[in-house]
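*Asks:* If you want the building blocks of each chain, they are given just below.
There are 2 protein chains.
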Amino acid sequence: MNIIVQKYGGSSLADPEKIKLVSERITLLSSSNTGVVVVCSAMGDTTDDLLALSHEISSNPSKREMDVLLATGEMVSCSLVAMALSERGYPAVSLTGMQAGIQTETAHGSARISELNPHRIIEELENGRIAVVCGFQGFTEDHELTTLGRGGSDTTAVALAAALGATRCEIYTDVEGIYTADPRIVSDARKLIEIEYEEMLELAVSGAKMHPRSIELGALFDVPILVASSFSNEKGTLIHKEANMEIQNRVRGVAADKNVSKITVRGVPDKPGIAAALFSPLAEANVSVDTIVQNASADDLTDMSFTVSRSEHESAIALVESIISDLGFKSVSSENNLAKVSVVGTGMQNSPGYAALMFKALSEAKVNIHMITTSEIRITCIIDEEAVNRAVQSLHKAFELEKE
Amino acid sequence: MNIIVQKYGGSSLADPEKIKLVSERITLLSSSNTGVVVVCSAMGDTTDDLLALSHEISSNPSKREMDVLLATGEMVSCSLVAMALSERGYPAVSLTGMQAGIQTETAHGSARISELNPHRIIEELENGRIAVVCGFQGFTEDHELTTLGRGGSDTTAVALAAALGATRCEIYTDVEGIYTADPRIVSDARKLIEIEYEEMLELAVSGAKMHPRSIELGALFDVPILVASSFSNEKGTLIHKEANMEIQNRVRGVAADKNVSKITVRGVPDKPGIAAALFSPLAEANVSVDTIVQNASADDLTDMSFTVSRSEHESAIALVESIISDLGFKSVSSENNLAKVSVVGTGMQNSPGYAALMFKALSEAKVNIHMITTSEIRITCIIDEEAVNRAVQSLHKAFELEKE
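If you read the protein sequences in the order shown, they are chains G and W. Here my numbering runs 25 ahead of the position in the first sequence, where the first position is 1. Here my numbering runs 25 ahead of the position in the second sequence, where the first position is 1.
It is possible that part of the hints are untrue.
Remember, identical chains collapse to one label, so a pair may be satisfied in a single copy or spanning two.
Straight line, CA to CA, 20 Å or less: simulated SDA-like cross-link-like pairs of lysine to any residue [stated by the list, open to error]:
1. K45 x D74
2. K45 x K385
3. K88 x G153
4. K43 x R89
5. K234 x R175
6. K45 x M91
7. K428 x R175
8. K266 x I29
9. K43 x L76
10. K43 x D74
11. K216 x D324
12. K88 x P116
13. K283 x H338
14. K385 x A343
15. K45 x K88
16. K296 x S388
17. K234 x A253
18. K88 x T399
If you're looking for bench data, these hints aren't it; they were derived computationally from the structure.
From just these sequences and the hints, can you work out the full model?
*Replies:* Set out below in structure tokens:
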């Protein structure tokens, strides 16, 4: 059987009318020799509403209970989508993360999938039913509910596509694909027809709307991923391996992310093991550290800066403050009003000219650079939040991304 | 360990402030040698809201999907209660029906508990945590989600109390206990301090707010059940075995229920097996038939009337119409605007005077009686819906229930 996995985001499922439209779209695919697996996010702003509700109860709710609370959002949307499909005459069945066999580790709130046993899904497909699977959620060995972290439904969809040997994973959202930059910031941003996993991964990490783990999984299991709008019939962007040669040789896009906090530890003894001593406790507390920069040291003391997402800023600061005296650091400071901007493209490999062009463009736009990091296919600058839009606009223009 | 089970209804959990008040009440009980198990219904009108949502999608949604949808309501309330308890410094953990070991049969929407394995609850109590269990829901052998039917959280609470050998099951709701009649109808209705299971069972079936299956379970496993208000500190009503002798010898209360439809099948061949042929298909379709009356027959043909709840009226009519020609019945008719009114009390056993007094009171109040049924401790009349209030008032007065 030819299997297709489709994932629908919350904005595509925001109300009963939208759910009916999505069910119509799903049934277009359904035929005797195609098995359709649908992965749903929670309806509209449900997840935010549930978060707000929990914060009325507790300023720091347990992550385990948050997972129980948030997992309900996808159960609601999936049962309604299954009802809508049945109403159109297409037998369908909703499946929770547990029923779909999505086993995870126990890190509540950001669990990773450890094992996928989709036998129930296969059984339903073989019986001619559409399987409607709750995205974002899983379960542990001990039958605890877990969630995969914000945007985790993308990961659910790609993981299922990989486990089921699906032909394709289609991610439906409220944008028409992947653009050279955010069209709300850059008016002549261009939709890409295709992009490689690696490039998409860098764009996703740098702020484009796609869960990075889903791209990693897609790359690992070679699952072609189509990102398209659920509100139109425009062809979206296909993320796959080895895109056309003609697109290899240039910057593919500009990404920005305003969710950046920078923490600086000053007077760090410059000796082996000190970085591990600083970052191990953060890793143990599941604080995800992004960019790390260590300044050159003069008097055997050095400064170390790193960025975390704003939601993890407070817990990171508290952790670092609890260990600075043990480790002999002098002080900790932080900045919250930062953002990052990146240019991404496999064509950048071993081509130093791109970095120079980026810094020149930012300088001309009067954007101050706080930190710089690079990967093989990406250059990222940490800048002031207020400068993000003009940074993205100047980079899009400097790299001529509006041109095919 | 001394175990107490407390159940809170939706009105007690309607918003974050009420949830905090409930959590305060729960912690009053908690001590080193008392294990507390809390069973929660869905917050406020959540269940009705979810039902309305499903009806925007489908006029006749699958019962399986309704169970998935509705089960989310209790997951939300339980996770929030667990958060509120933790916030007050009392470790707590929410448990879904599955995690609490509440296994059921597969009749979606009205599943019965088939097995209860509360080992996870016991483990949590032994670790000093309050277990907050989702009421109303269970799971089948095949890991399907089920619900126990409207008001099923009462059943969850009493079943858990029985399985855990709890000292007491406390049902907290928005009324202060069980009354001799609905205080909104009878101004001098009196709160009962205690009542026997059997009497309560008849009152519950006859419309008082308590899930009848929970009373049956309480009687079967001899679990004392306290019904009280979560909004006050008034002593509620204790439902238990062998209440005081002094209350044995009289009518205990008047109950009314407006949720009654009557179906009459005319021209039924008066031969053995015909009742089974009519009611077996209804039972198989999970239609719950209440009062059944068969009129005396003249010419080997008889009329048979029975009542069902209004929500099951349409499916019952459709079913009966599909079989009347096979069974040789002449016609089917139905009435929707009916209600039932009952007087209940163990003191009524073998005392025909009570029935006479009931009929006299109803007659004086100009209430027309459509059907009459009796049990050992109850007399029920099916009457017009518009006459309910004056029927209840006249019966309460006739039996002098306002007096201690």
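*Asks:* 20 Å Cα cut-off: does K283 pair with H338 within a copy, between copies, both or neither?
*Replies:* Classified as within: same-chain Cα gap 13 Å, cross-chain 58 Å, threshold 20 Å.
*Asks:* For the identical chains here, do K266 and I29 meet the 20 Å Cα criterion within one copy, between copies, both, or neither?
*Replies:* within (18 Å within a copy, 60 Å between copies)
*Asks:* For K296 and S388, with the copy left unspecified, which applies at a CA distance of at most 20 Å: within, between, both, or neither?
*Replies:* Classified as neither: same-chain Cα gap 35 Å, cross-chain 99 Å, threshold 20 Å.
*Asks:* When no copy is specified for K88 and G153, does a C-alpha distance of 20 Å or less occur within a copy, between copies, both, or neither?
*Replies:* Classified as between; 19 Å across copies, 38 Å inside a copy.
*Asks:* Is it within a copy, between copies, both, or neither that the alpha carbon of K216 lies no farther than 20 Å from that of D324?
*Replies:* Neither way: K216 and D324 sit 51 Å apart in one copy and 82 Å across, limit 20 Å.
*Asks:* Evaluate K45 and M91 at a C-alpha cut-off of 20 Å and name the case that applies: within, between, both or neither.
*Replies:* For K45 and M91, the Cα distance is within 20 Å only across copies (17 Å; inside one copy 29 Å).
*Asks:* Is it within, between, both, or neither for K43 and L76, if the alpha carbons may be no more than 20 Å apart?
*Replies:* For K43 and L76, only the inter-copy Cα distance (18 Å) is at most 20 Å; the intra-copy one is 23 Å.
*Asks:* Have a look at K385 and A343 and pick one of within, between, both or neither, based on CA distance no larger than 20 Å.
*Replies:* For K385 and A343, the Cα distance exceeds 20 Å both inside one copy (37 Å) and across copies (78 Å).
*Asks:* How do K234 and R175 come out at 20 Å by Cα distance, when the copy is not named: within, between, both, or neither?
*Replies:* within (11 Å within a copy, 42 Å between copies)
*Asks:* Within, between, both or neither: how does the pair K428, R175 come out at a Cα-Cα threshold of 20 Å?
*Replies:* neither (33 Å within a copy, 62 Å between copies)
*Asks:* 20 Å Cα cut-off: does K88 pair with T399 within a copy, between copies, both or neither?
*Replies:* neither (33 Å within a copy, 54 Å between copies)
*Asks:* Indicate which option fits the pair K43, D74 if close means a Cα-Cα distance not exceeding 20 Å: within, between, both or neither.
*Replies:* both (19 Å within a copy, 18 Å between copies)
Consistency with the previously given hints fails for numbers 2, 4, 7, 11, 14, 16, 18, ordered from lowest to highest.
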